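A.B. asks: Each chain, written out:
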Amino acid sequence: MDVGVMLTTAHPDHWTETEVFDYSMDFAVAADDLGYQSAWLLEHHFTRYGLCPNTLTMAGYVLGRTRRIKVGTAVVILPLDHPIRIVEQTNMLDHMSHGRFILGVGRGYFPKDFEAFGVDAGKSHALQTEYVDIIQKIWRTGSAEWNGEHLTLPDVTPFPSQFTRPEPPIYTVGQSPSTIEWAASRGLPLLIALIGSMEAMRSNMELYNEVAEANGHDPEGIQHMLCSVAHVAETTEQAREEIFANMAWWEQEHDDAAFTVEQLEKLPNYRFQYGEWQRAALRGDRTNADFTRYALEHSIVGSPADCAGKLERAMDATGVRNLLLGYEATLNRERVLETMNTFAGDVLPRLGWKPDVEA
Amino acid sequence: MCGVTTAKSVPVAAPGTVTKPRRTPFMVWGERIDPGADPREIEFPAGARNAVPRFDEEVADRVLAGSGVNLADVSLQEIVTFLNRAGQLWKNEEYARRRLYIRELQRLHGYSQKMAETEADLISTTLRAHTQMHDMVAVELGHRAIMDHWIRREDAEVRAYPRGTSVHVLPGNVPYSTTVSLLRALVTKNAAVLKYSAGEPATAVALAQSLCDVDPDHPVTKSVCAVFWDRDCQQGKRVLAAADVICAWGGADAITSALRACSPEGVVVPFGPMRSLTVVGKDADLARACRGIAHDASMYEQRACFSTHQVFTDGDPAALVEQLQRDLEFYEDLLPRTAVTADEAAHVSLEAAAHRFLGSTVRTGSWGAVITTAPADVVDLPSARTVFVHPVADLREVYEWVDPAVQTVGMAPWSLVHTHRDELAGRGVTRFVEAGLSPLFRLGGTHDGLQPLVMMTRMVAVEAPRDDYGKTMVSPVDQSEFLEHSRLRDLLA
Chain R
1 MDVGVMLTTA HPDHWTETEV FDYSMDFAVA ADDLGYQSAW LLEHHFTRYG LCPNTLTMAG
61 YVLGRTRRIK VGTAVVILPL DHPIRIVEQT NMLDHMSHGR FILGVGRGYF PKDFEAFGVD
121 AGKSHALQTE YVDIIQKIWR TGSAEWNGEH LTLPDVTPFP SQFTRPEPPI YTVGQSPSTI
181 EWAASRGLPL LIALIGSMEA MRSNMELYNE VAEANGHDPE GIQHMLCSVA HVAETTEQAR
241 EEIFANMAWW EQEHDDAAFT VEQLEKLPNY RFQYGEWQRA ALRGDRTNAD FTRYALEHSI
301 VGSPADCAGK LERAMDATGV RNLLLGYEAT LNRERVLETM NTFAGDVLPR LGWKPDVEA
Chain F
360 MCGVTTAKSV PVAAPGTVTK PRRTPFMVWG ERIDPGADPR EIEFPAGARN AVPRFDEEVA
420 DRVLAGSGVN LADVSLQEIV TFLNRAGQLW KNEEYARRRL YIRELQRLHG YSQKMAETEA
480 DLISTTLRAH TQMHDMVAVE LGHRAIMDHW IRREDAEVRA YPRGTSVHVL PGNVPYSTTV
540 SLLRALVTKN AAVLKYSAGE PATAVALAQS LCDVDPDHPV TKSVCAVFWD RDCQQGKRVL
600 AAADVICAWG GADAITSALR ACSPEGVVVP FGPMRSLTVV GKDADLARAC RGIAHDASMY
660 EQRACFSTHQ VFTDGDPAAL VEQLQRDLEF YEDLLPRTAV TADEAAHVSL EAAAHRFLGS
720 TVRTGSWGAV ITTAPADVVD LPSARTVFVH PVADLREVYE WVDPAVQTVG MAPWSLVHTH
780 RDELAGRGVT RFVEAGLSPL FRLGGTHDGL QPLVMMTRMV AVEAPRDDYG KTMVSPVDQS
840 EFLEHSRLRD LLA
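Protein chains in written order, with this note's numbering: chain R, 1 to 359; chain F, 360 to 852.
These are computed hints drawn from the structure, not numbers from a lab. Errors might be hidden in some of the hints.
Stretch by stretch, here's where chain R covers chain F in the computed footprint (C-beta under 8 Å, at least three residues) [claimed, not checked]: (1) 550-559; (2) 591-605.
Below, simulated DSS-like cross-link-like pairs (lysine-lysine); rule was C-alpha separation at most 27 Å, straight line [what the hints assert, rightly or not]: (3) R:123 - R:354; (4) F:379 - F:473; (5) R:123 - R:112; (6) R:123 - R:137; (7) R:123 - F:379; (8) R:112 - R:266; (9) F:450 - F:473; (10) F:379 - R:266; (11) R:123 - F:450; (12) F:450 - R:266; (13) R:137 - R:70; (14) R:70 - R:266.
Because the structure is a prediction, the values reported are computed rather than measured. No residue lacks a Cβ here, since even glycine has one placed at the ideal position from N, Cα and C.
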């Protein structure tokens with residue numbers, strides 16, 4: 001069982017931009033000290049939802065500041081970048097950290113990103129799949145030569161090659177069945193948001209496992225991660241109250257930056273996300289407070305026993321044993337560090353988690 | 360297999376193919392029961408295997424105990440709204456459970472992608488048909504609010520109450536039957552135990568799970584089970600004996616078992632083995648008629664009770680056969696063939712061979728078979744898109760071949776219905792449709808001559824007191840007074 005820590009770089013009013021990054025480093029170092037297995041970085045542009053526009057740059061810094069913990073990207077927005085540059089930077093971090101870097105990719109969800117970087121959002125899924133194919137081809141053959149639907153590349157050899165052999169893993173965000181099936185066909189592990197009913201989450205994993213097996217991959221050997229906001233207090237009610245306002249703010253920042261319903265209606269490759277809006281409307285959610293409440297009900301927020309219980313149920317339902325937890329909901333440096341400690345010392349051990357100890 | 364004359368071949372299920380069994384749970388009142396260490400294995404003609412829990416005493420006890428939720432306390436609009444939420448999930452192609460269901464229909468039954476998607480679409484459309492659900496209640500029970508309110512009806516107020524717990528003994532030939540049966544239970548506020556057939560385990564479980572996907576704690580979710588037991592299972596019989604209403608679909612054995620197991624207080628709503636046919640008049644638009652026949656014979660690979668097997672015509676049979684073959688070939692592309700079992704393939708081959716021997720005109724191919732023969736020569740009705748064409752001099756000759764086992768008669772042209780419906784209805788037919796509409800059950804229609812919602816409810820009446828005269832009286836109603844003063848009978852008349 002591996003547990004990672006999410007470094008959101010969310011920028012509330014009471015933190016300066018420098019403090020956002022300083023505190024992120026503090027959280028990463030603390031995670032390293034506490035024995036968490038990984039720390040993960042999020043890429044965002046033009047929004048205070050997250051200040052980090054380049055997870056690979058930030059990963060370099062975090063890897064330099066830490067000793068043992070692995071550092072991953074959750075995610076690099078692949079369609080906004082170039083696969084050769086991703087391979088180059090990934091391999092460089094792979095060498096410099098001696099295998100501590102993990103590449104995680106996604107296709108993006110904020111319209112300004114696509115507009116600013118001149119990428120067609122309607123092709124995000126196709127671009128992601130093609131870029132991953134290119135990345136894996138480079139790792140497997142050394143050559144970037146490619147003649148695909150969206151990119152034509154010459155026969156060049158990106159350097160350095162990878163440190164991790166035969167090749168580093170690639171994680172992908174996995175919510176929509178199309179992405180799940182694609183990832184399963186490649187045997188790519190998923191970063192799975194803990195949202196919705198247990199049966200629904202189980203069905204996602206069933207779909208993944210079926211397709212993975214059909215494509216010759218052993219689902220048992222694939223190390224997915226369950227992702228959730230996490231916060232603990234004496235009681236569940238108290239835990240929710242403590243972070244409600246911040247979660248509502250973060251939710252609003254997200255909704256302001258993300259595709260609107262009208263935009264999603266015109267994007268067939270975002271049919272899942274459109275369905276999420278529809279489901280929210282049908283269950284009666286109308287306001288930001290409603291959305292926040294729903295998110296909190298499905299997050300790992302509660303008393304220590306409640307948090308452990310929710311995690312156990314989710315892990316049983318999905319068969320996924322690895323977690324990626326976001327502790328920053330208090331938006332208070334000391335409280336975040338305290339929460340990380342409490343989870344490491346009290347909640348996670350109830351599930352059999354053992355911190356990594358530096359050799 | 361059937362004297363194939365065209366290039367495409369119909370996949371015949373290869374028996375004995377070894378595959379890893381897919382472990383599939385029961386769903387009991389919104390809770391999952393996984394197969395244990397000793398599951399019941401079900402094998403399918405296409406070689407797929409499922410491992411499901413054993414329906415033992417413990418499982419039966421959980422079913423019999425119920426969930427503690429009484430759907431009678433939930434308004435119809437809340438039930439309909441909840442089902443709509445589930446239907447919206449099914450509508451979205453980016454719904455994992457829809458994809459799993461499509462894959463399962465392909466794996467278990469050899470459905471084509473198109474046919475499997477059509478089944479998923481049917482679930483979606485049905486669960487989202489909120490207006491139609493209210494209309495169903497209005498049409499069959501008299502008023503759309505009657506499940507929630509007392510409705511004035513002449514000299515009484517009437518309200519419909521659920522019978523309680525319904526057990527649905529489901530068929531293996533038409534997955535959509537499961538959705539229909541469940542819907543009927545829920546709009547009449549009955550808890551529903553979906554006992555799926557060994558031949559069709561996918562739909563019941565998928566439906567129950569999708570309710571959990573919407574809200575695992577909702578009263579509707581907690582009012583549904585999806586389970587399986589073998590016919591001779593004693594624990595299954597316990598559940599049947601405790602049922603307030605049993606909706607029994609399937610062959611004669613299934614109906615008989617349900618009747619035997621049902622308690623004296625319970626009600627059995629039987630949807631037993633039926634067959635269907637089409638009548639084509641000499642004035643019919645042949646192209647339209649044959650397209651309709653091909654549709655009615657292709658849906659569900661002709662295994663449904665509404666699937667047409669025989670066509671009686673007083674027109675040119677050669678022209679009809681020619682057109683029908685073209686349309687069956689068209690349907691081979693439009694709705695690719697499901698894997699046919701070895702038994703089905705053998706059945707078709709045998710019938711074709713037998714009729715060739717009798718001198719009948721037989722056309723077969725990967726698209727199906729059309730056999731032109733006298734109705735007296737038909738002993739058996741194979742499926743797999745096999746259509747018998749019976750030339751007659753007068754369409755009234757159809758009458759002698761119709762009995763109460765005939766469910767649906769398709770008509771082309773539609774004007775024929777006015778000429779023949781009374782006679783055919785008198786002989787047992789319960790449903791007339793325009794050729795091509797056989798699989799589509801219209802609002803207001805009946806099912807095997809029944810209005811199922813009526814049989815799934817108790818109609819409770821609050822009759823008017825003496826001061827409410829009604830239409831027939833001009834003074835307070837008092838039988839005792841009338842007995843005492845017999846002159847009132849004449850004075851008040």
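A.B. asks: A separate judgement is required for each hint: does it hold in the structure or not?
C.D. replies: Comparing the hints with the structure gives:
no., hint, result
1, 550-559, "violated (count 0)"
2, 591-605, "violated (count 0)"
3, R:123 - R:354, "violated, 42 Å"
4, F:379 - F:473, "holds, 25 Å"
5, R:123 - R:112, "holds, 15 Å"
6, R:123 - R:137, "holds, 21 Å"
7, R:123 - F:379, "violated, 37 Å"
8, R:112 - R:266, "holds, 16 Å"
9, F:450 - F:473, "holds, 15 Å"
10, F:379 - R:266, "violated, 41 Å"
11, R:123 - F:450, "holds, 23 Å"
12, F:450 - R:266, "holds, 17 Å"
13, R:137 - R:70, "holds, 24 Å"
14, R:70 - R:266, "violated, 39 Å"
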